[in-house]
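Asks: Using the working numbering, you'd call the opening residue of the sequence shown number 11 and step up by one each time.
Hints may be right or wrong, so weigh each one.
As the list claims (entries may be wrong) - Computed beta-carbon distance windows for the label pairs:
hint : residue 1 : residue 2 : range
1    : 223       : 69        : 47 to 55 Å
2    : 240       : 193       : 40 to 48 Å
3    : 193       : 251       : 46 to 54 Å
4    : 40        : 184       : 46 to 54 Å
5    : 166       : 57        : 40 to 48 Å
6    : 192       : 124       : 23 to 31 Å
7    : 191       : 35        : 45 to 53 Å
8    : 22        : 84        : 46 to 54 Å
9    : 241       : 176       : 23 to 31 Å
10   : 60        : 129       : 27 to 35 Å
11   : 132       : 191       : 14 to 22 Å
No lab work stands behind these hints: they were computed from the structure.
Positions of the beta carbon are idealized from the N, C-alpha and C atoms, including for glycine.
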Amino acid sequence: MLIVAHGSRDPRHATTIAALRDRVRAYQPRLRVEVGHLDFNAPSVPRVLERLEADGVREVVALPLLLTRAFHAKSDIPAVLRESAVRLPRMTVRQAAVLGPHPLLTGTLERRLVEAGLDLAEAGSTGIVLASAGSTDPEAIAVIAETAREWRRTRGWCAVRPAFASASAPCTADAVRALRADGVGRVAVAPYLIAPGRLPDRIVQGAREAGADLLAPVLGPAPELARLLLVRYRQACAREFARLTA
């Protein structure tokens, strides 16, 4: 498994991704699990693939560490993998699906909210701001909106409003204010991002500016997230097996 991370100038980002990789390795010790970055951090995706090829690895599942299928999943990552395929013809690399949407992700969100002090028994009187990175891709925005609707339906929150740290509206602060205007007494902000960095910091600032009652940390190296990585890995392997045996 090659976990493909975006990368960040913020050192907390790489540390978090490494911790997530280590948790996946602990769950599946016989599976080789590596991390490659698209930008800012080392090693890069091409360098990791070169190292794997030199070690005799011939089959790799590249797993985008992304919550929605937007630009990076549709363009950046396929382009990097195609370029590597030309240089490493003895290796086959398959791109797995992005992580979201999936119940394990909302399970991780709830874990972080509880860690921040929320009592899930009070869901019916709590409004949630589901604060994601944001995107110019309509498909990605629609997925976040559907995730918010489904999470409210299955958990019974008073309300779940999507918010975005960039590219889209509303921002976190505006979403918190909108819930207040609707009469919601308790508002919690749940960052829907994997690792710390510039956009998560923007969400924190917006939550504090608007006076949210509770702010959860990012998803981080949660056990649910590590299990989801393995789910997407196995699905990619199963699709390839089905193709070969069709």
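Asks: So, for every hint listed, does it hold in this structure?
Replies: Structure-based check of all given hints:
For residue 223 and residue 69, the Cβ-Cβ distance of about 48 Å falls inside the hinted range of 47 to 55 Å, so the restraint holds. At about 42 Å, the CB distance of residue 240 to residue 193 agrees with the hint of 40 to 48 Å. Taking the beta carbon of each, residue 193 and residue 251 are about 53 Å apart, inside 46 to 54 Å as hinted. Between residue 40 and residue 184 the C-beta distance comes to about 48 Å, which sits within the given range of 46 to 54 Å.
The supplied range of 40 to 48 Å is met by residue 166 and residue 57, whose beta-carbon atoms lie about 47 Å from each other. At roughly 24 Å, the beta-carbon separation of residue 192 and residue 124 lies within the given 23 to 31 Å, and the hint holds. A hinted range of 45 to 53 Å holds for the C-beta pair residue 191 and residue 35, which are about 47 Å apart. Range check, residue 22 to residue 84: Cβ separation about 27 Å, and the 46 to 54 Å hint is violated.
Distance hint check: the CB atoms of residue 241 and residue 176 are about 28 Å apart, consistent with the given range 23 to 31 Å. Range check, residue 60 to residue 129: about 50 Å between beta-carbon atoms, so the 27 to 35 Å window is missed. Checked against the hint of 14 to 22 Å, the pair residue 132 and residue 191 passes, with Cβ atoms roughly 21 Å apart.
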